[in-house]
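Starting from the known structure of chain V, fit chain P onto it as the hints suggest.
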Amino acid sequence: MQTSLTNRSNRIGGGLAGSVALHGSLAALLLGWTYLHHPGQNWGDATTAGAIQATMVTDIPLPPKAPADPNNVLATDAPSPAPIAPAPKTVDTPRPEAIPIPMKNAKPAKMADKTTPPPPLHPQPVKVDPSKAQTGQATGLPLAMSSIQTKAGTTSVDVSDSAFGTRFAYYVKEINQKVALQWYTGMLDAQAPGHRVYIVFDIDRDGSVSHIQYAKRSGDNSLDQTGLSAVQHVDTFPPLPEAYTGSHLTVTYYFDPPPRP
Amino acid sequence: MDRLSSNSRQASRPVRSLFVAAILLFAAILVLFAPPAGGGQDTIFTGTNSGATSVRIAVADFKVLGSDPQSAAFRNTFDATLYADLATAGIFDIVSKSLMPPGTPGAPAEIQLPSYASAPASAAFVGFGSLNVAGGKLVVNGYLFDAKNLQYPQILAKQYSDEPTEDSARQIAHQFADEIILRLGGGTPGIAETKIYYSQASGGNKEIFVMDYDGANGHPITHLGTISISPRVSPDNTRVAFASLGKNGFQIRMWSLVLGRMVNFNSFGDLNQSPAWSPDGRELAYSSTRSGTPSIWISDSNGTLARRVTSFKGGDVSPAYNPRTGGQMAFISGRTGLPQLYTMNSDGSGVQPMTDGGYVSSPSWSPNGQVVAFAWDRKYGPGAPGGQDIYVMEVATHKWQQLTHDSGRCDFPSWSPDGRHIVYANSSDGRANHTRIWTMLADGTQQRPLTGPGADMPNWSWK
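In order, the protein sequence lines correspond to chains V and P. All residue numbers for the first sequence refer to my numbering, where the first residue is 1 and numbers rise by one. All residue numbers for the second sequence refer to my numbering, where the first residue is 1 and numbers rise by one.
Everything labelled a hint here was simulated from the structure, so no lab data went into it. Positions of the beta carbon are idealized from the N, C-alpha and C atoms, including for glycine. If a hint is listed, it holds; no wrong ones were tucked in.
Partner residues aside, some chain V positions facing chain P, computed with beta carbon under 10 Å:
(1) 59
(2) 121
(3) 166
(4) 167
(5) 168
(6) 181
(7) 206
(8) 235
(9) 236
(10) 237
Counterexamples of contact, computed for chain P against chain V with all Cβ distances above 12 Å:
(11) 79
(12) 254
(13) 267
(14) 269
(15) 270
(16) 271
(17) 282
(18) 309
(19) 313
(20) 327
(21) 380
(22) 386
Bound-form chain V, shown alone (with noise of 0.2 Å):
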């Protein structure tokens, strides 16, 4: 077309191609939009994962299960299979000519006295009367730390205070759980620096969470956010144990980031 020898045919059949090209770019580039980004709607999919990355591990409260070894067959969940059923004994049928052999002393066996036991005793309904209030039951009362069983009764004397991680060690163990399930670390960037994160909150007496906030940043922002987010995913805590006095209990936790492969 830039060249001065182009006929009118030349012409028309580089157009044509030009527009063939064009086109056939065109749709190129509608199917590579479509093929790129859009999925398709896969309902019930389990291979889809929307914006928000959610595993069923925290959606049912149930702590996770390792996955059994299925060699081990002490720890699989699955019985072993049953054992084959032994094949029916044969009778060996008496021939025809056969006469029985009479029994002497021949005693109808003795059967013992077939005794019904009593039905089990179901719990009956208390019947509740309909002109009095019903109040809930009372509640356990606590103990304190040290307590003795007399004749009389029980007798208490509480312990004095000490360090709450030696004392109290199942309830941080249960905090560094709780947390440490609420952490989804599939957002990390592998390739920031960090070292350490540390958060800081408050549990108070009911377990409930409040003034979560950093106390030193890690210079990865990824590592913080997903560290943060995991302690605010956290509904409540235990309550406090009943012996601890205090009102509140301000926890530092911190998250390290995952070693790399």
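Just chain P, lined up with the frame of chain V:
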């Protein structure tokens, strides 16, 4: 043709250059829209959760103090109930009785913690205590000790006192189990004191019954002499709404647990069924045909101020509120043919389909609002190999998981208030009068029956 081919031959050079340009353009498009390479695959780490397992707990037999002859029987009831409560809680790995160290410690001074902490018991926590009938009272001292912390082992020490009856021994065991579950189960209250309401066939009729969460103590609460189905207890445990067959067909009716009698619920003609309480207890959603097709209506708890929230061809039934927010509702709609699961806002806006196949019924929204349980026959139709099973679906991602397999017709799932258990109705041969109520953990394990045949449509109380 000839002319065209000659033309194209003549135009071969520009065509080739354009073709090359098109390929380059396409390659550029591919590069432009491809997901960013690198950084996608190698950032996925697992292992945060893999080490965590269930808490291993041992429960010693309680020690009988005093010489009252009733004590031994109460002790047996108490021990069995406490053991069953902890074993079915779903968060514990309970030490088998045969692996327990000998002896029955009744007080902190009598327990040898190292013998529980070491193999074969290998327990992290030990529950123990004593039981005594004295002065016309049943007194139980219960302790929970951390077996690994020898210096300060005590986690919990409680004293319970109640009437000396079998029933109160079971109640105290439930209370102590709930206390342990609250302490060791991450702050979620236990469910040992909750109830299950259900519909029980009796002599051609169906009455509303109630039982403890473990299947014990089942007894009727209505005596209407008609067919009463789908009970739903109010969030404050004061009323039970249900559908009952009257002279105008099924109507919503209301039973007061406080007064022990029926209370008013305005009824309209036509079919009204499948009630559902809003989590604040002020409103009741149900399906009604008073305007033609079955639609979801919401009224207050007396049946007044009814308003219609859905209006679609094909019918909308079985509403279930999101108990966490109260702002959303799951329901079943036949607008595209077979009944499917949908969610919407409680005012009827924002309808979203959740399933796109099979036959779905009876949704129940989990207490934390993240998962919906429902019954689903994924291959429904004449001659199809389908079976109706219980499924759970994560609302945010639409990921689903099948919980029951090959156990016959399963229907009417209902969540426990801690979100760890699901109660449902199962009929192994598909016949309605063989339906039993079963319970399982929300991951599908520990399935076991709670009732005999004839019990159907369970509903777990809110607390």
